Amino acid sequence: MTSAPDLAIVGAGPAGLAAAIEGARLGLAVALYDEQPEPGGQIFRAAESVAAGKGAPLAAFGADYAEGPQLVARFRASPAAAGYMPRTTIWLLDRQRTLGHVQDGKARMLRPKRVLIATGAQERPVPLPGWTTPGVMTVGAAQGLMKSAGQVPEPPFALCGSGPLLYQFAAQLVAAGERRFTVLDTTPKGRWARALPFLPGALRDTDLLLKGLGLMQKVRMAGVPVLRHVRDVAVHGNGRVEHVTFRHGNHLGELPVQLLLLHQGVVPNVSLSLSVPLRHVWDAAQRCFRPALDAWGNSDVAGIAVAGDGGGIGGWQAATAQGELAALEAAHALGRIERAERDRQAAPIRARLKTALAARGLIDTLYAPPPLAALADATIVCRCEEVTAGQVRAAIAMGDTNPNAVKSRTRAGMGPCQGRMCGLTVSELVAHARGLPPDAAGTYRLRPPIKPLPVAVLADLDTSAVEEEEDAT
Amino acid sequence: MFRTLRPAAQAEAVTITYEGRPLSVPQGISIAAALLGAGEMVCKSMPTSGADRAPYCLMGACFDCQVLVDEQPTPVQACLTPVRPGLAVRRVPRPTPVPEGVAHD
Amino acid sequence: MSMPPNSADAGTGSGTGSATGPDVIVIGGGLHGCSAAFHIASAGRKVLLLERDVIARHASSASAGGVRRLFRHPAEIPLTMASLELWHAMKDMLGDTGDFRPTGQLRVAETEEEMARLEARVKLTRSMGYDHEVLVDRKRMFEIAPALGPQCLGAIHVERDGYAFPYKSTLAFRNAAAKLGADIREGVGVRGIVRDGGRWKVDTNAGEFAAPVLVNAAGAWGARIAEMVGERVPLKALALMMMVSARMPHFLDPTVGTLGRQMSFKQMQSGAVVVGGGHRGTPDLDTGITQLDFRKLKTSADTIGGVFPIMRKAEIVRAWAGIEGCTPDDIPYIGPSRTHDGLYHSFGFCGHGFQLGPIVGSITAELITKGRTNLPIEPFRIDRFGPDPDAVSWEASRAA
Numbered sequence: 001m002t003s004a005p006d007l008a009i010v011g012a013g014p015a016g017l018a019a020a021i022e023g024a025r026l027g028l029a030v031a032l033y034d035e036q037p038e039p040g041g042q043i044f045r046a047a048e049s050v051a052a053g054k055g056a057p058l059a060a061f062g063a064d065y066a067e068g069p070q071l072v073a074r075f076r077a078s079p080a081a082a083g084y085m086p087r088t089t090i091w092l093l094d095r096q097r098t099l100g101h102v103q104d105g106k107a108r109m110l111r112p113k114r115v116l117i118a119t120g121a122q123e124r125p126v127p128l129p130g131w132t133t134p135g136v137m138t139v140g141a142a143q144g145l146m147k148s149a150g151q152v153p154e155p156p157f158a159l160c161g162s163g164p165l166l167y168q169f170a171a172q173l174v175a176a177g178e179r180r181f182t183v184l185d186t187t188p189k190g191r192w193a194r195a196l197p198f199l200p201g202a203l204r205d206t207d208l209l210l211k212g213l214g215l216m217q218k219v220r221m222a223g224v225p226v227l228r229h230v231r232d233v234a235v236h237g238n239g240r241v242e243h244v245t246f247r248h249g250n251h252l253g254e255l256p257v258q259l260l261l262l263h264q265g266v267v268p269n270v271s272l273s274l275s276v277p278l279r280h281v282w283d284a285a286q287r288c289f290r291p292a293l294d295a296w297g298n299s300d301v302a303g304i305a306v307a308g309d310g311g312g313i314g315g316w317q318a319a320t321a322q323g324e325l326a327a328l329e330a331a332h333a334l335g336r337i338e339r340a341e342r343d344r345q346a347a348p349i350r351a352r353l354k355t356a357l358a359a360r361g362l363i364d365t366l367y368a369p370p371p372l373a374a375l376a377d378a379t380i381v382c383r384c385e386e387v388t389a390g391q392v393r394a395a396i397a398m399g400d401t402n403p404n405a406v407k408s409r410t411r412a413g414m415g416p417c418q419g420r421m422c423g424l425t426v427s428e429l430v431a432h433a434r435g436l437p438p439d440a441a442g443t444y445r446l447r448p449p450i451k452p453l454p455v456a457v458l459a460d461l462d463t464s465a466v467e468e469e470e471d472a473t
Numbered sequence: 001m002f003r004t005l006r007p008a009a010q011a012e013a014v015t016i017t018y019e020g021r022p023l024s025v026p027q028g029i030s031i032a033a034a035l036l037g038a039g040e041m042v043c044k045s046m047p048t049s050g051a052d053r054a055p056y057c058l059m060g061a062c063f064d065c066q067v068l069v070d071e072q073p074t075p076v077q078a079c080l081t082p083v084r085p086g087l088a089v090r091r092v093p094r095p096t097p098v099p100e101g102v103a104h105d
Numbered sequence: 001m002s003m004p005p006n007s008a009d010a011g012t013g014s015g016t017g018s019a020t021g022p023d024v025i026v027i028g029g030g031l032h033g034c035s036a037a038f039h040i041a042s043a044g045r046k047v048l049l050l051e052r053d054v055i056a057r058h059a060s061s062a063s064a065g066g067v068r069r070l071f072r073h074p075a076e077i078p079l080t081m082a083s084l085e086l087w088h089a090m091k092d093m094l095g096d097t098g099d100f101r102p103t104g105q106l107r108v109a110e111t112e113e114e115m116a117r118l119e120a121r122v123k124l125t126r127s128m129g130y131d132h133e134v135l136v137d138r139k140r141m142f143e144i145a146p147a148l149g150p151q152c153l154g155a156i157h158v159e160r161d162g163y164a165f166p167y168k169s170t171l172a173f174r175n176a177a178a179k180l181g182a183d184i185r186e187g188v189g190v191r192g193i194v195r196d197g198g199r200w201k202v203d204t205n206a207g208e209f210a211a212p213v214l215v216n217a218a219g220a221w222g223a224r225i226a227e228m229v230g231e232r233v234p235l236k237a238l239a240l241m242m243m244v245s246a247r248m249p250h251f252l253d254p255t256v257g258t259l260g261r262q263m264s265f266k267q268m269q270s271g272a273v274v275v276g277g278g279h280r281g282t283p284d285l286d287t288g289i290t291q292l293d294f295r296k297l298k299t300s301a302d303t304i305g306g307v308f309p310i311m312r313k314a315e316i317v318r319a320w321a322g323i324e325g326c327t328p329d330d331i332p333y334i335g336p337s338r339t340h341d342g343l344y345h346s347f348g349f350c351g352h353g354f355q356l357g358p359i360v361g362s363i364t365a366e367l368i369t370k371g372r373t374n375l376p377i378e379p380f381r382i383d384r385f386g387p388d389p390d391a392v393s394w395e396a397s398r399a400a
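Just so you know, the sequences run in chain order U, Z and E.
Following my numbering, the numbering of the first sequence begins with 1 at its first residue and continues without gaps.
Following my numbering, the numbering of the second sequence begins with 1 at its first residue and continues without gaps.
Following my numbering, the numbering of the third sequence begins with 1 at its first residue and continues without gaps.
Take the hints with a grain of salt, since some may be wrong.
Claimed, not checked - What follows is a set of in silico ranges between Cβ atoms, one per label pair, in the way DEER data are often shown:
# : chain 1 : residue 1 : chain 2 : residue 2 : range
1 : U       : Gly223    : Z       : Arg90     : 40 to 46 Å
2 : Z       : Gly20     : E       : Leu153    : 23 to 29 Å
3 : E       : Lys179    : U       : Ala374    : 43 to 49 Å
4 : U       : Ala292    : E       : Gln262    : 37 to 43 Å
5 : U       : Gly435    : E       : Lys179    : 19 to 25 Å
6 : Z       : Gln27     : E       : Pro309    : 34 to 40 Å
7 : U       : Ala284    : E       : Phe71     : 25 to 31 Å
These are computed hints drawn from the structure, not numbers from a lab.
Source: prediction; values computed, not measured.
By construction, the Cβ of each residue, glycine as well, lies at the ideal position given by its N, Cα and C atoms.
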């Protein structure tokens, strides 16, 4: 695409796909950038390939995943498909909407009229002793392998943590014929009682609630050992995982594993939105930072919006609704539809959004992550630079008042992942040590390129689209 | 480490090398999936401790699966890079440390 | 340097005319403000430092951290020489080295014409009585920096110079000042200043503060602070862009600049290489946000492989810019106000104030406590461009 698109969308998950389809329907020239080789995002990863029988059986993934191929098929049939750029990494977005992408080693910059960030979620990194040992992965990683490569873990292995994905993946393994594993559920005692007040809200989406309980049931019925209220998980092994230890009730447990799959819910993937920078707020219920957005997904920067889990965790159904709303807003902002028409078309979408979000309070309360105060000093917080919680605490004691100061001193967040793995933890450690709410402690300032760019690629950067745009204005 | 479901239905295999050793892996999957399927997982040695590191998130966020491919001087994310016939994959070595420098007092 | 006992009852700060209020309010928590706070507190005065954002937020932490006497403006040479001695004495002075590493500075010529300029430069500093800048031939240059490209012809080498970790250096001054009782406050932005019966009343988002003496170390915001008391000076806000690579194998010890390409290279202890290029992004003084221009960073990326061929194999992991104030003649404002008693300026360091931080803070403290300094600061006087900043020709000032 040579001329600047009306709407550039970053991320081809549910929000991005829905926005692309809706945007194209409203007459917008849409570009859709995504790092993966196939559309679908993490939740519908490799949906086309799986539906085509190339990997694991589609049935193993459950009813939700079955919606993936349909959404992708709608996208493929839409005019938006012409602007789809897979295997493309976004490394820059600034307040003038200058968007930098790189595909097959060729970097380009352009300036779309509107940008929609639909970068979705990442699994919440929860540091524990030994979590950098080879053989420790996330549940999402293993699920992605099952979807994209038809691979399942070989025993002995365990799933460990808390959150809907834990049982979802366990159930998928069972459906695929794998039962030789253990579930270490770290959800603390008493969470259901705390979550109960949210039940009436969740009941508006009984479907989802029953689905969750059903999964748990299915895993147990299959004979998979499920240990509940597990605490103090630690990974052991020399160069690779050999066993995992934990507390279960009054027992000290030990399990030989070659793979340990961790999960502690998901948080917005905010690296791009922080790097702009968009204004972010602390979401106390979800214990994460998210961009501050209006009801259409608009951020505080003109022409940049966010839809889907990247703007706050809501799940894929909420994401598609938010994507469509953002597309309506883009069409209105670019003069394609009147305000009244936008609002009229938005009404049923908002109703869908409300239903989709009904269970959030329950899920957020039930699966809230463990407090970081208990994090041991020796545990690595920043995986890239191998900075420990103790080093972060020492930096704070030396006068570092904010995450960027800690970053400067310790190099936490300066490695190639740019704080994707440690940002939340460091913000929370600073907030805790200083007795501040996390938003007062702040976040890392993310710096472009948000993913490393080889010098040779930067030297060959194609800036012509931006030059043309500036000449034209 | 990971086994492939329904191997009969697998697409044809391609041969890549990892640390010079040939591996036969399914076409169309990522380098990370290929390594894990072949029972290999070490991608890099950490610059700080020298410890081995293997894929963690497999969604492009953690950078633990950085590997060197062919003659390219800079690493790629193994989870986002597909295999192709003849691809030579190597671990990212630990860079030579900078000496402590002129001691200051 | 003598350390006076901790002054009692510091840190109460707020409250106009309070008997326990500070003697001096320092505006700005960068290296210069923190250095001034330390030196003033060392002299036994009670200091309140107000920083609108966080300590070392802009030019102080976004700096390349060059501790460089090499190629200084002639007016700055006496100050830079004195400041280097303080850098070498940091551990004794502050109890913290500020992560200063005296690995030397090198300025390289790539053409015969540039080589001639280096020779002329060394002649100039010799004629002024300084011998820190040493011309080195091609062979010696490659001994000092073997990874340089083969086209490099020779260099000026300055031993005992080096680099420091800008944030850590600033924090070292901040912490030493706090130890002496200075009250350091972050997130306190100045909204207005009035002179009221021998006291400065400083209005902020966190209430009003007052003291008889005020230090303006507000960096790129320095002209705004000066204007609040009616002292208008020319100052441009700049966003100097920097890039840093992923960790590289060790290949470089000294900080290297090139004369022609105006680029600087420094390999940090981590192995990461920091590249500064004099290229500018866009600053916003109101939000503190800087926007990078990757078209210019592309130019840097295109040329760095020429200076250090190994850098062609590097990858860039971050780029950033801090906001710095620049004056028409490219040297800072240092010294007393020319319109008010009890006001001292120290800002507008034009992107090369990092090395000067230790000495300028000391000069400011001397001016406050003794009314004089032995170092020549006349060239930096605040009123050197006259009363109307809009009438100043930046081109003419720079040429002079």
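Evaluation of the provided hints:
{"no.": "1", "hint": "U:Gly223 with Z:Arg90: 40 to 46 Å", "verdict": "holds (42 Å)"}
{"no.": "2", "hint": "Z:Gly20 with E:Leu153: 23 to 29 Å", "verdict": "violated (42 Å)"}
{"no.": "3", "hint": "E:Lys179 with U:Ala374: 43 to 49 Å", "verdict": "violated (32 Å)"}
{"no.": "4", "hint": "U:Ala292 with E:Gln262: 37 to 43 Å", "verdict": "holds (40 Å)"}
{"no.": "5", "hint": "U:Gly435 with E:Lys179: 19 to 25 Å", "verdict": "holds (22 Å)"}
{"no.": "6", "hint": "Z:Gln27 with E:Pro309: 34 to 40 Å", "verdict": "holds (37 Å)"}
{"no.": "7", "hint": "U:Ala284 with E:Phe71: 25 to 31 Å", "verdict": "violated (53 Å)"}
Checked against the numbered hints above, the structure violates hints 2, 3 and 7; every other hint is satisfied.
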